[in-house]
Amino acid sequence: MHNIVLIFERVIGLNPQLKKGLLEFCVLATLKKEDSYGYQIIKDTSNVVEISDSTLYPILKRLEAQGEIESYRVEHNGRLRKYFHLTLAGQASIDSFLADWPAVMGIYTYIRECNND
Amino acid sequence: MTKNQFIKQLAAELTRYGISDAANTIDYYDELIDDRLEAGETEAEIIASLATPAQIVAQLAIPDKQVRQKKMAPMLIILISFLLVLGAPLWGTLLLTAIIIVVLGYFLIWLGPFLGTIFAAAGILGGSVSLILSFFVGLQEGWMIAIMQLGISFVMVGVGLICAGATWYMTKYLIRFSVGITRWLVGMFRSRLKVVA
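Just so you know, the protein sequences line up as chains R and B, in that order.
Under the working numbering, the residue at position 24 of the first sequence is numbered 24, and the numbers go up by one with no gaps.
Under the working numbering, the residue at position 169 of the second sequence is numbered 169, and the numbers go up by one with no gaps.
Just so you know, the hints here were simulated from the structure itself, not pulled from any lab data.
All values reported here derive from a predicted model rather than from experimental measurement.
Quick reminder that beta carbons are idealized off the backbone N, C-alpha and C, glycines included.
Hints should not be assumed to be uniformly reliable.
[What the hints assert, rightly or not] One side of the interface only, derived from the structure: several residues of chain B facing chain R at Cβ under 7 Å: (1) Glu31; (2) Leu32; (3) Glu43; (4) Leu50; (5) Ala51; (6) Ile56; (7) Gln59; (8) Tyr173.
Work out the full structure, taking the sequences as your base and the hints as a guide.
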C-alpha cells in the first residue's frame, strides 16, 4: 500500500510534459546543440527516434506556442528557410524532464520487480 | 502528384477545416519538400512519403480545437450562459422569426411548382376525360357541340402539358437553388457556432 501511495505521489509530481511524450524533448535537445530547421531536425533525431514530417510540424507548432522555441528566417538558395532556436523556457523544460527522470526510473524499477515476482 | 498539386490540395483542406495559421503549415511543407529535393530525393518520392493533405489537416484539427476550447475561461462560459438565458426573450423571438421567414421563403418558392402541378394535372386529366366524352356528346347533343368540346379538350390538354413542362423545368432549378441555399444557411450557422465555441 505504501508503495502504491509513493508511486501515485511520484506520478503526480512529474512534469506534465513528460506525459505528453518524449518527442518534444528530443526536438528540444536537438535544438540545444544548434539552431535547426524542420528537415535537419528529422535527420538529427532519426538515429534515436523516427519523427515523420507530419508529426514534427504539430510538435514545433506546440513548442513555439508554449514559448519553448522561437523561429526566424534565413535566406537559403533564393528562398527563406525557417530556423528554430531553443529559448530559456525550452531549456527549463529539458532540465525539468531530466530532473523527473529518477522518478520515472523508480516507477520502472517497481513495475519490473512486480513483474518478476 | 506534383509539389504544386500537393500544396494546392493542402491549402484547400486547411481552408475547408478553418485551421489557424494555415500559411505557416503551407510554408512548412513547402520548405520541407524543397529541402528534401536539395538532398537528392525526387518530387514523386517525397510526395509519396508524406501524409495526405487530409491526414495532415486531421492531425492539426484536434489540437487546434483543443486550443480554442482552452482559451475560453470557465467564468466566461458562465457569463455567456447567463447572458444567453437573460436575453432569451429577445434572441429567442428573433431566432423564431428567422426560422419562420426561412420556412415561408421555402414555401413561397415551392408554391410555383405546386400550382403548376395542379394546373398540369387538371388540364391533362380534365382535357383527356372531356376528349373521350366529346364522342358521346356528339351522339346525344349534336356534332357541332361535340367539335366545340373537342377543341376545348385539346386546348385543356395542351395547357396541361405546357404547365407540366414548365413545372418540370422549374422544379429542377428550384431543387438546385434550395440545396444551394440550405447548404449556405447550414454553413453560416456552423461558422457562427465555431466562433461561439
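Evaluation of the provided hints:
| no. | hint | in the structure |
| --- | --- | --- |
| 1 | Glu31 | holds (6 Å) |
| 2 | Leu32 | holds (5 Å) |
| 3 | Glu43 | violated (14 Å) |
| 4 | Leu50 | holds (6 Å) |
| 5 | Ala51 | holds (4 Å) |
| 6 | Ile56 | holds (5 Å) |
| 7 | Gln59 | holds (6 Å) |
| 8 | Tyr173 | violated (44 Å) |
Hints 3, 8 from the list above are not met by this structure, while the remaining hints are.
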